[in-house]
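**Q** Given next are the chains, with one letter for each unit.
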Amino acid sequence: MRVYGLNLAELFLEDFLAGLGLILILFAIASRVFAGVFGVDGFSGGLVVATAALAGLILILASTGIRQNHAALDLSYLLFALAALGWLAHGILVGSWPAVLAGVVMLLLFGLTIYLRRLAIQARFKPRFFSLRQFETMIQIADTMIETNGQSALHPIEVAIRADHFLAGFDAVVKEDIKRTLVIVEWLLPLVIWRPFPFSSLGSHERRRAVEKVIGARGIFRDVARFLKLLAFAGYYGSPEGMAKVGYLPFEERERSKGVSQVPQQYPDPFSPGASQ
Amino acid sequence: MKHPIYSKDATVYLESGTDKFAAMQQAMLGSAFLEHIESALATSGKPRQEFSIAIKPNIMTASKWLDPNPVYTDPELVEFLVDRLGERGFHNIAVVEARNVYDYSYQQRSVRAVAEMLGYTSRGYRIEDLSEQKEPYDYGGVLGQHYVGRTWRDADYRISFAKNKSHWQCFYTGCLKNIYGCLPEADKMRHYHGKKREFYECCILIVDRFPVHFGFLDAWVSGDGFSGHVRDAKPNFTRTIFASENIFALDWVMGEKMEINPALNYVVQEAMHRWGTIQITRQGNMTTWHPWDNIRPFVVLALDALEEAYWTSRFFSRSFASEQDERFPPVSRTQWLFGILQRITRLFEGLAVTKT
Chain A
6 MRVYGLNLAE
16 LFLEDFLAGL
26 GLILILFAIA
36 SRVFAGVFGV
46 DGFSGGLVVA
56 TAALAGLILI
66 LASTGIRQNH
76 AALDLSYLLF
86 ALAALGWLAH
96 GILVGSWPAV
106 LAGVVMLLLF
116 GLTIYLRRLA
126 IQARFKPRFF
136 SLRQFETMIQ
146 IADTMIETNG
156 QSALHPIEVA
166 IRADHFLAGF
176 DAVVKEDIKR
186 TLVIVEWLLP
196 LVIWRPFPFS
206 SLGSHERRRA
216 VEKVIGARGI
226 FRDVARFLKL
236 LAFAGYYGSP
246 EGMAKVGYLP
256 FEERERSKGV
266 SQVPQQYPDP
276 FSPGASQ
Chain B
3 MKHPIYSKDA
13 TVYLESGTDK
23 FAAMQQAMLG
33 SAFLEHIESA
43 LATSGKPRQE
53 FSIAIKPNIM
63 TASKWLDPNP
73 VYTDPELVEF
83 LVDRLGERGF
93 HNIAVVEARN
103 VYDYSYQQRS
113 VRAVAEMLGY
123 TSRGYRIEDL
133 SEQKEPYDYG
143 GVLGQHYVGR
153 TWRDADYRIS
163 FAKNKSHWQC
173 FYTGCLKNIY
183 GCLPEADKMR
193 HYHGKKREFY
203 ECCILIVDRF
213 PVHFGFLDAW
223 VSGDGFSGHV
233 RDAKPNFTRT
243 IFASENIFAL
253 DWVMGEKMEI
263 NPALNYVVQE
273 AMHRWGTIQI
283 TRQGNMTTWH
293 PWDNIRPFVV
303 LALDALEEAY
313 WTSRFFSRSF
323 ASEQDERFPP
333 VSRTQWLFGI
343 LQRITRLFEG
353 LAVTKT
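Protein sequence lines correspond, in order, to chains A and B. Start counting at 1 in the first sequence, then tack on 5, and there's your number in my numbering. Start counting at 1 in the second sequence, then tack on 2, and there's your number in my numbering.
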């Protein structure tokens, strides 16, 4: 039994991406062979053909492990979207209906890949507070910030789930700030180490490098580093397993406090009439 | 979140043979079922006569009496279980079910009427319709403030007695999914499906809140293929009875016998997310079923997406309910149209399955 093994949507997505990648490569070759039909003779035509072939190749690479090859997955989605839009625009510009049709079909397939990816994440985590992307960021934050030398009491996914459920449990203005900060972490933080990929797509060492870089920084990024620590620790050390790992024993379980009444002390309201008596 | 029953390591017993009653008897003996219920009785502190037992077989997916029957729990096996309990002095026994989506298409399908059609005699037990005894209850989670059937709520000991069959929503339906049938609303697509609450969340929620103490699986005759949960033209004579005090473990083994990764079943997956992983000991013949048709992952995924919208899921439910015993008249005169759809579906069913 593996609690967070590949789910049905992920399994299907892997097969789908592999098939789609192959079809895109074959289509790129075919469109070049029948260049007249698709109007891909010139430079711009060659560009859209190459984009489609490259997108196909990266899709196949991503399909070899959608969790492990996160960066390839993100890049393949980007290239596929570019290829679809490129074919559509090129078809309109040169007046080639087969090219337009190819662009439309690619766009539809792109929509399907997006849907499947969302479904895969939703089926695994069902976040209550975070968006699907933010939840992925949160998992990687937990993985980066909690260093236990392989002795972790909780899986980073469980840390993220606990943080998510914790944040969903109350109302506060600061919650929107948390979401905004996660967006910054996901899209801007990797840029401090010159990696134009989302934070959740980076490898664990690169993520750690990015975090270490901002720990010593000033301004907004220093606050970001503190925020990351706070969020990860709340999820980890707020759990009974995390508490036990550091030797914390809840008050009611301590030897000295056994049998001690924990009913809150009731004090009279000092402002009620007759309190002075 | 650890659960006192489902998060415990467990043993699943599989008894095969040529006589279903002997296999059932062996399954009860091997799994120490009677000792288990005696222990529960002792813990409850109640007199034996008052100790209430609720048995939830699969009844309401039946559209007509079948022989051989791959669709609903064999009533003879349920009554065999009741008789053994009766011999031990347990007489406060109820067989429970709630109405289901067949109500979209047919009238007068009360639990008693369907049970009577299948041959339940009510000898030594009562038949209780949970849809008729709705009591408010706060489940928390996706269901929140909802209802529970009184008999199920008040039972001291709950037994899930499911049927071994495939299901297009989650590959297969076992003892966990069987308890989804205790949720009292008949319009299940409206109340327990859709964007805000998935059927497997609702199912695991009621199993969590009202723990099932023991599970049996009638795999004597089994239903496979695309529509195995409601009809199967070629029943599989698998001749096995499963038993376990942990229905989560039982359903896991059930998937293994079908050569399916049980974690892909949405209900089992939800159970695993909620209760964590356990160690399972398997006692019995673990050779996979053969021949056996499993539903393709693509089909499960596609139908899950389609049922997000209430009217789509309702339409599909009606399509599958096009055959019914004559005692239950159709709600509308256009029900025959769904019969045509079902015949068309049958032509393409082969594409939706994969063989073991």
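Hints in this document: simulated from the structure, not taken from any laboratory. Please note: incorrect hints may appear among the correct ones.
To be verified - Counterexamples of contact, computed for chain B against chain A with all Cβ distances above 10 angstroms:
| id | residue |
| --- | --- |
| 1 | Glu89 |
| 2 | Tyr141 |
| 3 | Arg284 |
To be verified - Calculated pairs, DSBU-like style, for lysine-lysine (alpha carbon to alpha carbon, straight line, at most 30 angstroms):
| id | chain 1 | residue 1 | chain 2 | residue 2 |
| --- | --- | --- | --- | --- |
| 4 | B | Lys198 | B | Lys136 |
| 5 | B | Lys10 | A | Lys131 |
| 6 | A | Lys250 | A | Lys131 |
| 7 | A | Lys250 | A | Lys234 |
| 8 | B | Lys22 | A | Lys184 |
| 9 | B | Lys136 | B | Lys66 |
| 10 | A | Lys180 | B | Lys4 |
| 11 | B | Lys198 | A | Lys180 |
| 12 | B | Lys4 | A | Lys263 |
| 13 | B | Lys197 | A | Lys131 |
| 14 | B | Lys48 | B | Lys4 |
| 15 | B | Lys10 | A | Lys250 |
| 16 | A | Lys263 | B | Lys10 |
| 17 | B | Lys22 | B | Lys236 |
| 18 | B | Lys197 | A | Lys184 |
| 19 | A | Lys218 | A | Lys250 |
| 20 | B | Lys48 | A | Lys234 |
| 21 | A | Lys250 | B | Lys4 |
| 22 | B | Lys236 | A | Lys180 |
| 23 | A | Lys131 | B | Lys48 |
| 24 | A | Lys180 | A | Lys250 |
| 25 | A | Lys131 | B | Lys22 |
| 26 | A | Lys180 | A | Lys263 |
All C-beta atoms in this analysis are idealised placements derived from N, C-alpha and C, irrespective of residue type, glycine included.
**Q** I'd like to know which numbered hints this structure contradicts. Please list them from smallest to largest.
**A** Of the numbered hints, 8, 20, 22, 23, 25, 26 do not hold.
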